[in-house]
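Novice: Protein chains in written order, with numbering that gives the first Met the number 0: chain A, 0 to 326; chain B, 0 to 272.
Honestly, the hints are just simulated from the structure, not real lab data.
Honestly, I wouldn't trust all of these hints.
Result set (DSSO-like, lysine-lysine): computed pairs, CA atoms no more than 30 Å apart in a straight line [as the list claims (entries may be wrong)]:
| # | chain 1 | residue 1 | chain 2 | residue 2 |
| --- | --- | --- | --- | --- |
| 1 | B | Lys158 | A | Lys137 |
| 2 | B | Lys219 | A | Lys112 |
| 3 | B | Lys13 | B | Lys118 |
| 4 | A | Lys144 | B | Lys158 |
| 5 | A | Lys112 | B | Lys158 |
Here the structure is a predicted model, which means the values were calculated and not measured.
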Amino acid sequence: MNLTLSGNLTEIATQGTAPLFSAPALIVVRDLLKRYGDLTAVAGISFAVQRGEVFGLLGPNGAGKTTTVEILEGLRARDGGEVTVCSFDPATSAADVKRRLGVTLQATALPDKIQVREALALFARFYPRQADIAQLLKLVALEEKARSQFDTLSGGQQQRLAIALALVNDPDVVILDEPTTGLDAQARRELHQVILDLKRAGKTVLLTTHYIEEAERLCDRVAIIDHGKIIALGSPRELIAQSRGQSRIELRTTEPVPLRVLRQLPFIESVTESGGVYSLRSVDVSRALIALVKWLEVEQRELEDLHVTRPTLEDTFIELTGKRIRE
Amino acid sequence: MLQAWLNNITLDVKLAFRDRQAIFWSYVFPVFFLFLFASVFTRGRTEMVGNLLPGLLTISIMSASFFGMSVILVTMRERGVLRRYQLAPLSPWFIITSKLTSSLVISFSTLLLQLLLAKLFYKVSFVGNPGAIIFVLLLGSLTFLSLGFIIASLAENVKTAQVLGNLLFFPLMFLGGAAFPVQFLPSKLQQLAAMLPSNYLIRALSNVMNQGQSLLNTAKPLGALLLILLVAVFLAAKLFRWEAREPMPWQQKIWAAALLAVFVGAALFTHSE
């Protein structure tokens, strides 16, 4: 496998079936529908993942993320809509899709006694195009564990092995379903590094997660999905900007300040107080700050503490879904 | 793909040898069983050990199939190992044929070990043609392994697989003549016994092993085993499930019921002849 893929990608684009005049999306989902009995797991979602992009499906458990990716992988039949992966329909050309796709699922395992390198070598043989095992081991930092048995690996190592397994066929698209769920902070950071390395190598990645900071950190674009529907789609920056989420100014003063007075200051939209800390919401933080400081000086109030918090993707998420994502 | 298939089989056998539990059930236990049988039922009279062997080998084959392979397969499905395979462009036939072959290798090595020990410790002499004996053992093993595959597909989890395994194992052992000769049974039960796959295998084995008959003279029980094998493999492919979460679709249940009916019908028909 060529991990510095910029060269390799242009090569792929100029040969084979991909037309040069357009850059078709590697994953296209249109009005996808999936029901389990009475339950509608996926209620008409649409998105497209472009070549070289890291795309995130962010949502709480049961939002329909896993169902969506399992349909993309050809593991599940859909009840409506259109899906193509590398211009193949997984419902009718599952093998073609599988050859071009690398996948990690939440609920997969390997035999207890299989060694890391044995597993990679075995699964590579299932594909016509095969990645270099030594390079894969290096990418996921498992070189020293090459001869270790699966049941001796930590959760983080098993997950990194799962990613290496997803890459044995040097896939065009990588789908990672909740790759960091259940891992501790350290293991999660290591895995993020692996995903960022994939991104740097130009791989196209579709990632599902219910960790907001993960989506924010890793993804070029994020679709927020809840109850089987996409409720927002864009880059993390766009999503944050889209939301009504405002920056907050939090301050503490030596003596209490009447809330009424703070509310009358320019550019301040709302004020709340709890435990002696005043929280001011504003659409224009810099101007609000100037007004605030001026007022403090005129009134000769003394500040104990002041800081500004910017809205995060989490604010957007809570605003859109009305709930917090819990682990 | 052939290389991948062979790789999967050799790795499977290797993994079994790395697993202490698997070694115990595949080799230690069957050997213990051989000595137990030989000492309890014959008090060391060697000509009788020879007569015990067809039943004993049949028990080994059945336990390797109903408790060994089927439980391993259900565990693979429950833990998501099969799902990992499913992500690759592989058909169910890949799993079925490679798993049957690796299980056959292990099961056959168990049988050879039992035969070797019987020869060494009890001076059992085999009058039959070694090639014919090997053929019958391979065919018998494959037939029961395929039945084990069906158990694995029907069972939702390891517990039900064990229950189903027991439900097949004990009647097949006691009624089929593996534990004691069928002649000890009431005549009604003897008629039933004659239709059981275990009894076909025991008859075939004692024909070629103890009486030195040719395969041709053993055609009837061998044909029955082959028929059961074909039906079982077909059914195993129809019933195959990659994952435990999805309940078995009703089409598969109909397949299972229909084939089972055909199978019982065929057994009754051949028996009435």
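Novice: Please work out if Lys158 (chain B) and Lys137 (chain A) have their alpha carbons no farther apart than 30 Å.
Specialist: violated, 40 Å
Novice: Do the alpha carbons of Lys219 (chain B) and Lys112 (chain A) lie within 30 Å of each other, as the hint requires?
Specialist: violated, 42 Å
Novice: Does the alpha-carbon distance linking Lys112 (chain A) and Lys158 (chain B) stay inside the 30 Å limit?
Specialist: Given that 30 Å is the threshold and the Cα spacing comes to 22 Å, the pair holds.
Novice: Can the restraint linking Lys13 (chain B) and Lys118 (chain B) be considered satisfied, given a maximum Cα separation of 30 Å?
Specialist: Answer holds: Lys13 (chain B) to Lys118 (chain B) is near 27 Å, not above 30 Å.
Novice: Starting from Lys144 (chain A), check that the Cα of Lys158 (chain B) is at most 30 Å away, please.
Specialist: violated, 34 Å
The structure is inconsistent with the numbered hints 1, 2 and 4, although it conforms to all the rest.
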